[in-house]
Structure formats: C-alpha cells, structure tokens
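With the hints as constraints, model all of the structure from the sequences given.
Below, each chain spelled out in residue letters.
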Amino acid sequence: MAFDPIKLEIFKSLFISIAEEMGVTLRRTAFSPNIKERRDYSCALFDGEGRLVAQGDHMPVHLGSMPMSVRKAIEAVTLEPGDVVALNDPYEGGTHLPDVTLVSAVHIAGRPFFYVANRAHHADIGGMSAGSMPLSTEIFQEGLRIPPIKLYERGRLNMSVMRLILANVRTPVEREGDLTAQLAANRTGERRLREMVAKYGVEEVAVYMHELHAYAERMVRARLAAIPDGDYTAEDYLDDDGIIDAPVRIRVTIRIRGDSATVDFTGSAPQTRGNVNAVYAITLSAVYYVFRAITGGDIPANAGVLAPITVIAPEGTVVNAVFPAPVAAGNVETSQRLVDVLLKALAPALPDVIPAASSGTMNNLTLGGVDPRTGAPFAYYETIAGGMGASPQGDGDSGVHTHMTNSLNTPIEALEYALPVRVRRYGLRVGSGGRGRHRGGDGIIREIEFLTDADVAILSERRRFAPYGLHGGEPGRPGENILISDGVERRLPGKVNLRVKKGDVISIRTPGGGGWGPPSER
Amino acid sequence: MVRIGVDTGGTFTDFILVRDGAFVALKVPSTPKRPEEAVLAGVSELLGEGVVEAEVVHGTTVGTNALLERKGARTALLTTEGFEDVLEIGRQNRPGLYQLTASRPKPLVPRSLRFGVRERVTASGEVLVPLDRERVRELRARLAELSVESIAICYLFAFLEPKHERETAELLAELDVPISLSHEILPEFREYERTSTTVINAYLAPLMSQYISRLEEGLALLGAARSSRRFSLRIMQSNGGSISARAATQHPVRTVLSGPAGGVVGAFTIAQHIGLPKIITFDMGGTSTDVSLVDGAIQTTHEARIAELPLGIPVIDIHTVGAGGGSIARVDEGGALRVGPESAGADPGPVCYGRGEEITVTDAHLLLGRLDPDRFLGGAMPLDRERTIEYFRAFRRRFPRPASEIEIALGILDVANANMARAIKVISIERGYDPRDFTLVAFGGAGGLHACDLAEMLSIPRVLIPPHPGLLSTLGVLLSDVLKDYSQTVMLAQEEIAPGRLEAVFARLEERARADLQAEGFSLERILLSRFVDLRYAGQAFELSLPFTREFIADFHRAHERRYGYADPTRKIELVTVRVKARGITEKLSFRPKERRATVAEPVARRPVYVREGAGPVAWETPFYWREALAPGTAITGPAIILEYSATTVIPPGWRADVDEYENVILWREG
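Just so you know, the sequences run in chain order A and B. Residue 710 is where the first sequence starts when you use my numbering, and the numbers rise one by one after that. Residue 15 is where the second sequence starts when you use my numbering, and the numbers rise one by one after that.
Among these hints, one or two may not hold up.
[Said to hold, decoys possible] A few chain A residues that face chain B, going by a derived Cβ cut-off under 8 Å, partial list only:
| no. | residue |
| --- | --- |
| 1 | I715 |
| 2 | S722 |
| 3 | Y924 |
| 4 | Y946 |
| 5 | R966 |
| 6 | E1122 |
| 7 | E1125 |
[Stated by the list, open to error] Label pairs and their calculated CB-CB ranges:
| no. | chain 1 | residue 1 | chain 2 | residue 2 | range |
| --- | --- | --- | --- | --- | --- |
| 8 | B | E188 | A | D1061 | 46 to 56 Å |
| 9 | B | E509 | A | N867 | 26 to 36 Å |
| 10 | A | E847 | B | R147 | 53 to 63 Å |
| 11 | B | R564 | A | V1205 | 48 to 58 Å |
| 12 | B | H287 | A | M868 | 53 to 63 Å |
| 13 | A | R1200 | B | E317 | 52 to 62 Å |
| 14 | A | E913 | B | R412 | 22 to 32 Å |
| 15 | B | E317 | A | N867 | 35 to 45 Å |
| 16 | B | G514 | A | P1081 | 24 to 34 Å |
| 17 | A | S869 | B | E509 | 49 to 59 Å |
Read the hints as simulated data drawn from the structure, not as lab findings. For glycine and all other residues, C-beta sits at the position ideal for the given N, C-alpha and C.
Structure follows, in structure tokens:
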C-alpha cells in the first residue's frame, strides 16, 4: 500500500471538519426555519472530477444526491473562479424543488481542483401551494424549476437571475437571506480548502482525496464480505400516491456476492400520477444510508462507499422517475419506504443488526396564508417525528426522527412568535409502538390551531400500511390526520390539500415503530 | 482572614490556602461516596489555631456526578397541559445518525411523573386560559402519595408572564420539597431547553442542599474547635464565578461543569497578570482535552450540554475532544491510524503503567524519550519501557505499511495533535479569531507535552506553562469573583426597540442583581454590573450576545461579519434577550514577583529524544530539567524537557523557554 495510515487519518478529519464548518455557517445565518432550526441541509466537498470527498453528517437523504447535483452543474456550465451555480430541478441534479443547491468551483493552478456544494430546504419555492409540497400531478405545479444556472458570475451576483427567483416565491426576503447564507457556506469551504492546499501542497491533497475513496471502499467491502452470499428479497407499499387510491409497490432484491452487492429494484411500481416518485438520486441516497448504517457509520461519506455496490433502478418506475413526473414527496416519503424495504430484505442476512420498521414517514405539514398581525404572506413547513423501530438490542426511542431525516422541530415558543398559529398539543401517542420482546417507540400527536384562514398541505404515509415488526414483534400503529372544525372531528386522507378557517385545528398523529421479537418474551 | 480554595477531583481533592499573601498547597485523596469528608479533612489540616475569619471557595462535582450517574432526586415535572412530553421528545432528533438502535438519553423525569395543568399564556404574554387551581390541588395529593422529592414547573411562555408558575408553587408549598420554576431558572424562550435546565435543577436540588448542609455543619465544628468567629462558604459555578452556598442550594444547576471552569479562570488570571489578556487554554488530561478561547474576557455559551442534556444557563465556552494521554491507538479496517476517542483511562491505563494492553498516546511519548521513566510523578510510578517497546513491536507487525516503531509513535502524536488542533480551530478560526494573536496556556498532566507542537501547527507565537499546572483549577476556584447572570427574553423587532423600554428591563434585572449581591455581603462599590443583548437578523434562529452599547446595532453587523463572513446593514435586526452579568469582586491574591537571577540551569539527566527531521526521525541528545530548580531569569533552548511532579513540558528544537519572575515558563519560537 502506498498511502500513509497517519496522513490518511489526518486528511479524513480535515475534509470532514471543513464540510461541518460550512454547515455551521449555513445554519447560524439562515432565515428559513427549515435550515436554521430544523437543519434540513447538507454541505459537501468534491474533487475536480465531481466525486464526493466528504459530506457533513447532516441529512442522510442528501447523501447520494449531492454528487448528482455537482455532476449536472459541471455538465451544464463551465465554472470559472467566483462562479456559483444554483439548481433545484430534480431532473437536472436536484431532489425536489424546495431543496436548492449551490455549487462553486475552487480553482487551483488554473483548473477546478475542488467543488464545494451545499443544499438547503427553502420554506417556499413557489408553485400551487404555500411551502411548495403540493399534491401535484406534474412537476410544473410544484414550484419554480431552476436548471443549473449561474447565480454568481466571477463573484458578482447575477441580479436578473435573483430577481426571477424572488418574483416566483411567496417569501422573497427570506429566500434572499437563505441564498446569502448558502453562499457564505460555500465561501467558508473554499477558504479552508485553499488553506489546506497551501499547507500540504496540491499533490499530497490529490493523493489523499483518492486514498480516502479507496479507504471507504475497503471498509464497505469488509462489511459486505461478512454478510452471507445470497439473494435477499423484500417488498413493501406506499399507501397511495395522493391522487389515485391504490398502494404503490416497492420491491428490492439484494444480491450479495463476496465483497460486492447488487441492489435491484426491478418489480417496483411504474411511476405514479401523484407526487411520490423518487428520482434516481433519492434511491441512491437510500442505498447509501443503509450500507453506511450497517457498516458502522463512522466511515467517511464519499464516492468509495458505493463503489462495491451496483444499483439497478429501472427508468420510469417510482424509484427512478422520468420528466415530468411530480416528485415533491419522493424525497421525504418514498425515501423512507426505500429504507424500510432495504432493511427488511437484509433482516434474514443480518438478524442481529436489523431493526423493525420505524415510522416510515416524515409527516410533512406545510402552512401558508397572510399573517393578520402584519399583512405579510407567510409560508411554513415542518416534519413531525414518529416511533423508532425496536432493534435486537432494545426498545425503539419515542418521538424521534429516523433514517433519512434528522431535522429538529421548531420550538413552540419560536413558532408562535413567528406565525399566526397556536400549538394545542405536542406529546407522545402512547401505545402506538408495536408490542414485542422489544417495543417499538411511540409516535407523536401534534395539534395546531389556526388564528387565521390558511392553506394546509399534508404529505404523510403509513396511514394504511403499518410499520412492520420483526421476528414476531407486532407492527406499529398507523398514523392519522384529523381536522377539528366547529367542534366536529373529520378524518383526513394521508395526503391532502385543504383550506382551513380561523379556529380550526389540525391534529397529526404519527405512526409508532414496529416491535422486535414475540411480545410473550418481554 | 484566611482563604481556601478547594477543588474536588476524581482522585484527589486539591487545596490552596492563602494567608498574608503567601500560599500553601495540599492534596488529599478524594472520598467519592462522601466528598465532604476529604474537603473537611483538608481544611482541618490547613487551618492553624486562632483563625478568626475564613472563607472557603469550593468547586464540587456532586451535581455533575449525580447527572452522569443518574443518581438525582425523584423529580416530578408540571407542564402546560398537552406538553407533558416535551422533555422526552426534545428537538425530535437523534444523536446517532447512522445508528440503527436507540441512541437518545432517557429523560430525567419519566412519563409517570410528568403532569399537565390546564393554563395557557400566549406569545404576547397574555393569559389565554387561567390556571386550573383545582387540578394543582389534586396534584398536590398525588405528588405526596408518589413520594416526590423535588418538583420542576415549566409552563409555556412563563418567561413573559410568570404568575401561573408562581401560583402553582404557592399551592404546592406545603409539600415541603424544593420547587424549581422555569421563569426563575432560565427566563428565556425555547421550551425544551428551558424545561431541560429547570428539570436538571430540580433533579439536583435535594442532593446539593444535603451536601452543603453537611459541609457547613462540618465547617462550623472546625470553626468552633478553633474559636473562629466567621466561616463562609462559596461554591464554584460553570460560568466561571462563585455563589454563596445558599444560592447554590437554590440553583444547583449552576454548579455543574464547574470543574473545567476553574481551570479557565485560573489560566486567565495568571496570563492577564503578566499582560497577556488573549489566551487559548489547553487542558489535556488522561481521557479528554478541554480548550477555551479568552479574548480579554472569559466567554460563556448558552448551548452547553451535560450528560447529553441541554443546559441553557451561561457556561464557560469550553470545547472538549476525546483525546488525552490515555487515548488508544489502533489501525481500523480501512487502514487508517486512529487515536481515541476510546481511552485506557487510569485503569488499566497505558501499556507503560504495566497493565494496559493497548498502545496509547502516553506510550508514544515514552517510546520517543519524551517522558523520564524514572521520574514520572516524582519517581513514585516508574514507567515500564521494556514492556512498551514490546507492545510497539507487535503493533508494528499489524501496521499496514513498513514503518519503524519510532515512526509509528510520531504518527500517533501527529494524529492526536490533529484532533486537538481541530478543537482549537473550532473555537478560534471558525469564530473569526486568528490564533496568531493568542497565547496558548497549557496545563493538565499532558498539556506541556503537546503545547509547542500545537502552537507550531496553528502559528500560535507563544506558550505559557503556569506554575503548579495541576493546581490551576483550584487557583481559579479560589480567585473567582461572585458572578450571577440575569436574563429576560423580550423579542423586540428593530422598530420596537425604544430606549425607555430596554432601560426598564435592564433596571429591573439590575435591581435584582444588586439586591442578591448585597445579600451575599458585597457593598455597592464592589458590585460590577454589565449589560448584554442577544441580537440576530429578524428571522434568524441564532443570536449573538454582545455588550450593550449606544451603537449596539452597528456592533451587531460587525460581529456578524466577523463570525460568519457577511453582514447586511439593510436588514432589520431583532433583540431577543436582555442580559445582566453581575460581578461581586472578591479580594484578590497578590502575586509577589521573585527576583530574576541570571543562572545556568543544571540538567538532572541527558537522554536521546526522537524528533522528526526532514525525511525521518532523528534522536537528539536532550537535557532534562527539574522545574523547581529553574529560578526566575533562567533561559533554556530546545531541545529540552522540563519535568515536574505531575507534568512534563517538551521544548522542541527551535524553541526557547524563559522562566519569569512569577515562575511561569514562557515558550517562544526562536527567529
């Protein structure tokens, strides 16, 4: 081996610390609650070919998709020094429209030696409903599509582009602030990378970017080799696509051969009319997450992780949708089901590792309207946690985000300061976790009263198909969405757009996690 | 009057007594089950006859340990109805992102002891639903039946309108258990962090109160035996100041994390005394390293954690990494050399202590010749060099690349240094400070072994090793002022900030501050009040805390630029929280300078020490000195090593050390 184990460790830590410092800058200066309080963002560094070198431990759902953004940005435009490309189009390197990615090149010796990128979930990006997570049937309804274009050219803001973006969103002042914060994050990354090159020299840095890929690959191969060879198949369903009332199948076969694996989603449903379609980047993220989790999690997130893994996702299916399918929920909902299916497939191969299903939904709630206190429009988006699946080691946690998301809640006292709503209840949904030798975690009940008329969109899952138990454990209880209007309770579908009146209450009750092992053994 | 600083540590309880400007140090083995026994034994030993007045300042780990071991009181939590689970849900995230098993800490109050009460205050501070007093009376009976030992009350927006919390406390008063109210403990928004802080306070209250009364009784007996007239006790806090024993029984949450705080106060006091007000403290122990940046004043944070739980009160901003002398080196499955965070601790300890089976940072130092095996802990603990060499040989065989043991040992130090340099970067460069403007103050057993290497890596021009680096924390405890923090979330938009409005809030906080400090015996001229405001751009979620000046808005834009690289003066700001820091100035110790003499230091030994030079390691014949023998005025050029009882300082080639008139060792990069 040519590499130095000491330098390898030092560079690993250097690259990760730069990605994390970018994240601190972004979080602390952003304006969207989604970024600042909920931390729905990711920052990453890439080599001159656009291969992921390091990514901060932010949002797992961005793992596989950030590299696609950089690749598409490089293909679409030539990045000169000082240029920053913005994009959000899921069919050109994005995931869903609210996630806006900024990509910059770091030129050294006359060529792009690194790329730095960060992605953040904006509270609104236009489209048919506030918060831009609508029940759509085509992508055009979901908001403004930004193909890879230069937001900054040679360090100068392209005002035309900025004005076009701001003219198409509901809360332009906040958007502008968030984009500035994103720019600041990339600049932080660029500055640190330049310092690194000045200290260690171009050659050594190039060698260790390459070595870190090889390192992650070795780690994953070692883990794969420990899994018995075989074909492991599982399937599970999304409740519906929000438009047509029929389950949507996701099926996977994982073929383990020595220290390699093929993950084949053939047999999954064709892409849907509603918005649960995942673009390929999302599917890749789910695979990334699962293999990183079973490998132990402390390997660097870089291009080497997926090198031993081949992913087959047939085009035109719900796991690799093609233009112009709507995709708003693919990122937040389908990604969770992809993880459920992958883990379920691996359960027989790794019986001591794989947990029962967690809540399997992010329970997305978006609100919009006009704040009567100020007369200004508002748009707000949040996700609500659920129960964690029980594992072979013990009970699942309650009221916690799992798998593809780890976003924080907005404090009630921050929410009520900022928006014309009042939170009536925020507590655990006791008894919703599946029984078992180890019990699934409980879901959450969150009730929000509206102090003005407002538009509400709910995108939620696991309202019909419960989170599965394992090894005799019982499933978690499915979720429920309730509207309380004039004292009358009405059950809402899992995916719905509605107009609420002042005084109405929306009650979201999220699913519990599945149990592990027979309840009789508790 | 006599003053005694006492700092309880895991192994030893350290004492410094000051009388007439001279000081005496003492170490007594700690008594973890009843920590007051060691404290009283030491005080008793130090006190002579005829002491009329004595003041004891104490850094205790009673609160911290109870949290870490989950051995606090049986605590109940009362919340606004519908929000009983806020404490358990937290911010609904998980610490282990890629961990498939449960990773969150269990809440300090289980669901069965969390109770909702009908009441509601709005975001504008108005009562929407009056307090359900009947429900509180019912709960009073329930809590008595459940043998609850302490109660926390945290209602939504109570920091704007506290009357429901107060009424509830009055109704529960006859239970005769400590009651912690969120608007008193932390009158700031963000309900989870406020609840967590209030619950920690309640969880510790009975324990702290018992501990302090045992101590006070013990001290009273000691005093009576010596016919002392006055004995006072103060307790160290995590904000770097102390408070009266009585205040500590009411706010025990303020004492957790006070251990590392003492070290920062001690380091800053010494550095400031010799005209170095900008320092980075570097406290490297066996399992972890604490670093903190002081830019003319000690900085606090409101985002600290203890035992993984958020602590919203001001705590000295100390960044901790899992790298210490006991950190274990290993090669992972991918072939990278990892050092820590696993530690061999004190038991089994490093390989060279004789029982450890895994190579640690300390072993690497020994192999390179940087530790004197015969003079470790003053010779009380000989280090086993043969055993260490043997284990390094075995380690080399598992190393993925041909390398000598010496190269591997240097590599272990490189990786450990990289981890620690990263910690220093987080608190300096990442916050807009340039390390070149600072002095690195190193202490802890291993601080001096790494200080110059780190200074080199970060271009820090100067290193200060204070005298008795093992007692620095005790010194900090002894020298601490009484320090109290007062705050109030106001949440004002820029156009709402009327000077009169702010003045009224400041005046109210200051009135309380003065009253509290006067009650602790400070005359008005010994009370120093300073005003701070927490600001952000309207719509952001994180605030910058700044001194309140006439130009605070302009100050904010500048601070934002410095910290985050940009500012936007056209954007509106928001004033989130108003703060008052109240300092009761205690009598200071006067350090007496010693005369500098031009003496030539005599080494106690000369040994080869390996350093990296160009392509590979080279052994330099290196003198070893006893620190006690180094008189003020002595200068030493590297390579050299300074030994003392519980610490070793490495002076690499290219560095020089000067001993100043206060017996500080100051290290400079030559040329």
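Hint check against the structure, violated hint numbers in rising order: Of the numbered hints given earlier, those the structure breaks are 4, 5, 13 and 17, listed in rising order.
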